[in-house]
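The lines below spell out each chain.
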Amino acid sequence: MNGDVACAEGAIAAGCRFFAGYPITPATEVAEHMAVRLPYLGGMHIQMEDEIASMAAILGASWAGQKAMTSTSGPGFSLMMENLGLGIVTETPCVVVNVQRAGPSTGLPTLVAQGDMMQARWGSHGHYEIIALVPSSPQEAFDYTIRAFNLSEKYRVPVLLMTDEVVGHMMEKVTIPPKSAIRLVSRRKPRGAKARHQPFSADASHIPPMATAGDGYFMHITGLTHDSRGYPGMDAPTQKEMVERLVAKIRTHAEEIMDVEEYLLEDARVVLVSYGVSVRSSLKAMFEARDRGMKVGLLKLNTVWPFPERRVRELATTMDALITVEINLGQIALEVERSAAGRAATDLVGHAGGTIIEPGAILEAIEARCLNV
Amino acid sequence: MKSVHPYDELLRTDRIPHIWCPGCGIGTAFSSMLAAIKESALPLEDFAVVSGIGCTGRVAGYLKLDSFHTTHGRALPFATGLKLGNPRLNVVTFSGDGDLFAIGGNHFIHAARRNIDLAVFCVNNFNYGMTGGQVAPTTPYGAKTATTPMGNDEWPFNLPLLAYAVGAVYVARWTTLHVRRLTDAIREVFDRRGFRFIEILAPCPTAYGRRNRMKAPLDVLKYFEARVRVRHDADPAEAQIDLESPIVVGKFVDRKRPTFLDLWSKRYAPDEDEEVHVA
Amino acid sequence: MEGVKFWRKPLDWEMIQVTRGRVHIFEDRCKGCGYCIAYCPRDVLSFTDRFNRKGYHVPSALKEEECVNCHFCEIICPDFAIYSEEIPQPKEIEL
Ligand code: SF4
Ligand code: SF4
Numbered sequence: 001m002n003g004d005v006a007c008a009e010g011a012i013a014a015g016c017r018f019f020a021g022y023p024i025t026p027a028t029e030v031a032e033h034m035a036v037r038l039p040y041l042g043g044m045h046i047q048m049e050d051e052i053a054s055m056a057a058i059l060g061a062s063w064a065g066q067k068a069m070t071s072t073s074g075p076g077f078s079l080m081m082e083n084l085g086l087g088i089v090t091e092t093p094c095v096v097v098n099v100q101r102a103g104p105s106t107g108l109p110t111l112v113a114q115g116d117m118m119q120a121r122w123g124s125h126g127h128y129e130i131i132a133l134v135p136s137s138p139q140e141a142f143d144y145t146i147r148a149f150n151l152s153e154k155y156r157v158p159v160l161l162m163t164d165e166v167v168g169h170m171m172e173k174v175t176i177p178p179k180s181a182i183r184l185v186s187r188r189k190p191r192g193a194k195a196r197h198q199p200f201s202a203d204a205s206h207i208p209p210m211a212t213a214g215d216g217y218f219m220h221i222t223g224l225t226h227d228s229r230g231y232p233g234m235d236a237p238t239q240k241e242m243v244e245r246l247v248a249k250i251r252t253h254a255e256e257i258m259d260v261e262e263y264l265l266e267d268a269r270v271v272l273v274s275y276g277v278s279v280r281s282s283l284k285a286m287f288e289a290r291d292r293g294m295k296v297g298l299l300k301l302n303t304v305w306p307f308p309e310r311r312v313r314e315l316a317t318t319m320d321a322l323i324t325v326e327i328n329l330g331q332i333a334l335e336v337e338r339s340a341a342g343r344a345a346t347d348l349v350g351h352a353g354g355t356i357i358e359p360g361a362i363l364e365a366i367e368a369r370c371l372n373v
Numbered sequence: 374m375k376s377v378h379p380y381d382e383l384l385r386t387d388r389i390p391h392i393w394c395p396g397c398g399i400g401t402a403f404s405s406m407l408a409a410i411k412e413s414a415l416p417l418e419d420f421a422v423v424s425g426i427g428c429t430g431r432v433a434g435y436l437k438l439d440s441f442h443t444t445h446g447r448a449l450p451f452a453t454g455l456k457l458g459n460p461r462l463n464v465v466t467f468s469g470d471g472d473l474f475a476i477g478g479n480h481f482i483h484a485a486r487r488n489i490d491l492a493v494f495c496v497n498n499f500n501y502g503m504t505g506g507q508v509a510p511t512t513p514y515g516a517k518t519a520t521t522p523m524g525n526d527e528w529p530f531n532l533p534l535l536a537y538a539v540g541a542v543y544v545a546r547w548t549t550l551h552v553r554r555l556t557d558a559i560r561e562v563f564d565r566r567g568f569r570f571i572e573i574l575a576p577c578p579t580a581y582g583r584r585n586r587m588k589a590p591l592d593v594l595k596y597f598e599a600r601v602r603v604r605h606d607a608d609p610a611e612a613q614i615d616l617e618s619p620i621v622v623g624k625f626v627d628r629k630r631p632t633f634l635d636l637w638s639k640r641y642a643p644d645e646d647e648e649v650h651v652a
Numbered sequence: 653m654e655g656v657k658f659w660r661k662p663l664d665w666e667m668i669q670v671t672r673g674r675v676h677i678f679e680d681r682c683k684g685c686g687y688c689i690a691y692c693p694r695d696v697l698s699f700t701d702r703f704n705r706k707g708y709h710v711p712s713a714l715k716e717e718e719c720v721n722c723h724f725c726e727i728i729c730p731d732f733a734i735y736s737e738e739i740p741q742p743k744e745i746e747l
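Protein chains in written order, with my numbering: chain B, 1 to 373; chain L, 374 to 652; chain R, 653 to 747.
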């Protein structure tokens, strides 16, 4: 199956029974597959009037107790930023899939890019932390969609699945494990007297339990800055407490959330840093470089946000150079550069989008570093 | 003597007094809804009230029910998700004219077209109160606002006509002077199913009244008193509001049409005669 | 208040016993808009020289005995600052 369908199947396996979306290339297949599958699973697919409404609808459905998802591509992702912020501040679990295509604006609707990585990090206004996963194959699209739901339920945060046109449309074999082998996480429910429930009162984990609308908690949920009761508090101390907790909720669990894979790093002098479809080009380049005797390895980012800063810093202290491979003109490369903080050289192999990164271009960059050191 | 206001049980009294100005009609529209909720005797835990942004949007924050204060204009799609996510909920949207019809206009027409089972109450005070009184899609031609200081050169929406045209099954308009009829209408709306809409004309003395020779809160109600004509089953096309003609209020539409969930369950869960419950 | 009636009058109004009511005013919540005074069908309420802590002119039930517990002030008040309740009547006055 292709990556879009694998993503939809992953959502279903994760227990998602509500999908709201709006047609957009190259993400439409996710919605179409949900439209075929969900009604027969007791779930629901609805095509909304736009992506703003799609994002709003999944937040509503999540408060109604559903695991909910939407999928889109760049232009729709831009429209979702408004209610993504609402999801963050109201701590609403849900999954947003962005099958990236080349922008800005309408750009290249049918062609690949990885240009929305910083938008994923900072696209909605205000300061927040987010979780973003990046699959590099249909199998990973399936697996990571399940993980995206688990993380969103656990941390009460919208989780982004930053896939791309090539992974979305690529046909590959996907193994769907038996139900018993899939570990699912559901949001923690409040306990104790309903009348005393405070919807945003958290323990040391910083993650408040979440009640469902209709359960008699009579909760108030607002996009305004609010205190633990959910009441608006229009002052700097309330703002500080709320935003710092939202940030701490992710930062203090960053090590559990982050997922990287490492290839041939033991003896490497140069490391490629890549994610999503660009990992495939990077692997090819790495093996070719190895064949030619160059000591190169790969750090594959399965989660891009939160960024695995500590690991990159460690690598920077032992490696000569870090080469970021991505289909944009330097986004995650900036994070790599920041984390390396001058301890190693940092390069970018990237372009403006429309096609994948040619392994040859990566090979050249590796050669340039290996011959210089 | 220690006495308790009868609506206090539905209010977050620790947040009262509310932010609305003296004489603001939002409070009256709100208390009509509370009266109707009490009279309806429907289970309180089944209510979910969704608001957008603006003065009226703050209603959600004072209600001791499940209440959601969402983003500007997006109350309806959020409410759609809530309702479809749990069809048992009695989902109410309570928001302002700017929120529902300017920034949220697209969502309104689609939620009504789909006939999502929602009760929608729109407080129309003819302007954007929260931001200081700018022109709204409901500001009458010629009226003065902060952004039309010499008078408005746009034509306003006729909300009952719009709601009727896009498929609402119940359409009424009342003012905050007609509190009893408004309360009855809200209660009637709670008995119906489908996309139900009540426009509530309300004074905004501070931002709108002040610029339009109705400085005191009472001036606006006096204006309604002088101008309003109650006509049931009137043609919604006659509901246009301008600065000269009478303002038609009453119930315009009360019809039946299968809701989105009715049609959905007919197709996908034909064996159940009840609404389909998701998951 | 002449002309429009904002409170429906039951058809059997003359026949049934007139309910008597009592209004309660929460002066601290009042913002002095005067709606309750202007639209009370029995003119129970008036402004006097009373002001609340925030300086709003608050109503007083000067003709308290006129209240028929119609709840009009209760619903029209935008500030949940007033309500009426029934004063139970002894059986024998019933017609
Ligand atoms: S500004 Fe107008 S709408 Fe807002 S609270 Fe005051 S009177 Fe009401
Ligand atoms: S209607 Fe309410 S706020 Fe207005 S004067 Fe009467 S008691 Fe006060």
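For the record, the hints were derived by calculation from the structure and aren't laboratory data. Hints are supplied without guarantee of correctness; some may be wrong.
To be verified - For each label pair, taking beta carbons as the anchor points, the in silico distance ranges come out as:
1. L:Asp627 / B:Asp50: 58 to 64 Å
2. L:Arg583 / B:Asp259: 34 to 40 Å
3. L:Val603 / B:Ser205: 38 to 44 Å
4. L:Asp564 / B:Ala352: 44 to 50 Å
5. R:His676 / L:Arg630: 56 to 62 Å
6. L:Arg628 / B:Ser205: 38 to 44 Å
7. B:Pro109 / L:Lys595: 30 to 36 Å
As the list claims (entries may be wrong) - With a straight-line Cα cutoff of 25 Å, these simulated DMTMM-like cross-link-like pairs (lysine to aspartate or glutamate) come out:
8. R:Lys706 / L:Asp557
9. B:Lys173 / B:Asp227
10. L:Lys595 / R:Asp695
11. L:Lys588 / R:Glu679
12. L:Lys437 / R:Glu718
13. B:Lys189 / L:Asp419
14. L:Lys437 / B:Asp227
15. B:Lys189 / L:Glu418
16. L:Lys629 / L:Glu527
17. R:Lys706 / L:Asp387
Note that beta-carbon positions come from the ideal geometry of N, C-alpha and C, so glycine has one too.
Status of each hint after checking the structure:
At about 31 Å, the CB distance of Asp627 (chain L) to Asp50 (chain B) disagrees with the hint of 58 to 64 Å. At about 59 Å, the CB distance of Arg583 (chain L) to Asp259 (chain B) disagrees with the hint of 34 to 40 Å. A beta carbon spacing of about 57 Å between Val603 (chain L) and Ser205 (chain B) contradicts the range 38 to 44 Å that was offered as a hint. Here the CB-CB span from Asp564 (chain L) to Ala352 (chain B) is close to 59 Å, at odds with the stated 44 to 50 Å.
Distance hint for His676 (chain R) and Arg630 (chain L): a CB-CB separation of about 44 Å, inconsistent with the stated range 56 to 62 Å. Distance hint for Arg628 (chain L) and Ser205 (chain B): a CB-CB separation of about 51 Å, inconsistent with the stated range 38 to 44 Å. For the pair Pro109 (chain B) and Lys595 (chain L), the supplied restraint of 30 to 36 Å is violated, since their beta-carbon distance comes to about 58 Å. Note on Lys706 (chain R) and Asp557 (chain L): the hinted pairing is violated, with a Cα-Cα distance of about 34 Å set against a maximum of 25 Å.
For the suggested pair Lys173 (chain B) and Asp227 (chain B), the alpha carbons sit about 48 Å apart, so the restraint of at most 25 Å is broken. A C-alpha spacing of about 16 Å is found between Lys595 (chain L) and Asp695 (chain R), which places the hinted pair at or below 25 Å, so the restraint holds. Simply put, Lys588 (chain L) and Glu679 (chain R) have alpha-carbon atoms about 23 Å apart, close enough for the 25 Å limit, and the pair holds. Note on Lys437 (chain L) and Glu718 (chain R): the hinted pairing is violated, with a Cα-Cα distance of about 34 Å set against a maximum of 25 Å.
As the CA atoms of Lys189 (chain B) and Asp419 (chain L) are separated by approximately 18 Å, the hinted pair is consistent with the 25 Å bound. A hinted pair counts as satisfied when its Cα atoms are at most 25 Å apart, and Lys437 (chain L) with Asp227 (chain B) qualifies at roughly 16 Å. Restraint check: the Cα-Cα separation between Lys189 (chain B) and Glu418 (chain L) comes to about 17 Å, which is no more than 25 Å; the hinted pair holds. Taken as a hint, the Lys629 (chain L) and Glu527 (chain L) pair is broken in the structure, with Cα atoms around 34 Å apart against an allowance of 25 Å.
Note on Lys706 (chain R) and Asp387 (chain L): the hinted pairing holds, with a Cα-Cα distance of about 18 Å set against a maximum of 25 Å.
Of the numbered hints stated above, those contradicted by the structure are hints 1, 2, 3, 4, 5, 6, 7, 8, 9, 12, 16, listed in ascending order.
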